[in-house]
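Novice: Sequence:
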Amino acid sequence: MKGQRLMTGGSIFKHLFFFAIPLVIGNLFQQLYNTADSIIVGNFVGSEALAAVGSSGPLINLLVGLFMGTATGAGVVISQYFGAKDRDNVGKAVHTTVAFALVSGISLTVVGMVFSSVILKWMGTPPEVMENSVIYLRTYFAGSLFSVGYNMCTGVLNAVGDSRKPLYFLAIASVVNIALDLLFVVVFHMGVIGAALATIISQAVSFALVLWTLTRVDGWHKVVLKKVKFYKGFLSKIVKIGLPTGIQNMVVSFSNVIVQSSINSFGSYAMAGCAAYNKIDGFNILPVQSISLAATTFAGQNFGAKKYDRVKKCLFVSVAMVVGYTAFSSTLLIIFGNNIIGIFSSDPNVLKYGMMMLMHMAPFYFMVGVDNVLAGNIRGVGKTMMSMIFFVANLCGVRVLWIGIMLPIFRDINIVFWGYPVSWLTCLICMVIYLFRVKWLKESF
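Residue numbers (numbering that gives the first Met the number 0): 0 to 444.
Any given hint could be a false lead.
Think about it this way: if two alpha-carbon atoms lie no more than 30 angstroms apart in a straight line, the pair counts; the simulated DSSO-like pairs of lysine-lysine are [to be verified]: (1) 438 to 13; (2) 221 to 305; (3) 226 to 164.
Calculated directly from the structure, the hints in this document are not laboratory data.
Just so it is clear, the structure is predicted and the values come from calculations on it, not from any experiment.
Work out the full structure, taking the sequences as your base and the hints as a guide.
Specialist: Here's what the structure looks like:
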């Protein structure tokens with residue numbers, strides 16, 4: 000049927016490649032409109048406003064992470080039923096997912112708006128940045144329904160192999176966001192609240208488009224609004240698979256909040272420089288996550304169809320793809336990093352900290368790439384608990400321990416930056432041992 004891609008036969012590389020490419024381009028569009036906030040704010044408002052927007056990222060990821068992880072669980076459940084050609088259960092899983100998205104979005108709005116200022120204070124946000132940070136966060140979380148709803152509904156499309164339509168929606172949202180950024184920040188001088196409003200309006204547009212598409216698509220995943228509810232047994236399946244990933248996202252984001260707190264202690268220039276680089280970092284990490292999601296969908300469909308040899312082959316093909324991509328992107332960043340960071344701010348102090356962070360992370364992106372695609376394959380067969388354990392123990396535990404032990408001794412921001420590649424390496428070692436020593440291709444539900 001149109002808009003669906005069954006991956007249980009044919010070339011593994013072609014399936015992964017042609018499914019991942021729209022995801023990569025779409026995520027780059029998403030990162031583009033997130034980056035537009037920082038570029039426009041940094042150049043037209045100032046470095047303190049840039050620091051406020053950038054330092055809010057870890058907190059946003061912390062609060063959004065739980066629901067996005069559950070969306071992953073929904074995608075795995077749907078893809079496995081789709082691979083098994085079980086039309087009735089695909090429909091029930093889809094409608095349960097949409098119901099969960101609506102409840103989650105409203106809940107996140109309340110939590111984010113109430114607790115954002117408290118957490119920002121706990122993070123040690125400097126006084127000169129606090130007011131703008133609170134304004135940006137509260138405005139952003141006012142539109143949580145659109146963000147959560149879009150991502151969960153897009154997960155439905157991805158689960159049945161349709162990665163093209165989300166690309167179109169993100170392209171439209173990117174244009175809307177950038178246009179509104181220029182209007183609100185440059186023309187109307189609304190500052191960080193203008194940047195946040197531009198973001199949530201663009202997210203509302205993308206959510207409306209994907210929901211409209213799901214109600215009109217000709218396929219097993221069509222949404223009928225009167226059927227949107229929690230079907231017995233399906234929410235528990237989605238939560239069982241998705242909750243570990245949600246907890247993983249939250250805990251890893253929590254570690255990044257601690258990292259951000261450490262960066263905050265070095266002042267607003269460090270915050271601005273790292274905020275600028277984090278936007279660049281997204282252009283590298285999001286394509287990696289796209290390949291990982293392609294592997295999850297492929298593994299899920301083939302696991303549902305009981306084609307376990309194809310799941311194993313997907314492991315090696317996806318690793319090769321992500322290593323090739325990260326080698327290319329890391330090389331570009333190392334060569335042109337100073338010019339790219341300069342887009343965000345011309346302040347030499349901001350450039351200095353941004354380049355320091357780049358040189359500690361870019362050469363090691365292949366490790367975080369392999370970490371993500373291995374986890375993607377594991378999630379596809381329903382073993383989300385194991386990927387959670389590895390990510391939490393390393394990207395959180397090792398990273399926090401590193402900073403907690405080393406930073407008081409040396410009191411150097413480079414120590415904070417080294418925490419990233421060290422934790423990526425330990426996570427990679429754990430995952431490789433698991434995949435080659437444990438029988439992980441068993442029934443998930």
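Novice: Taking the numbered hints from earlier one at a time, note which ones the structure violates and give those numbers from smallest to largest.
Specialist: Per hint list: zero violations.
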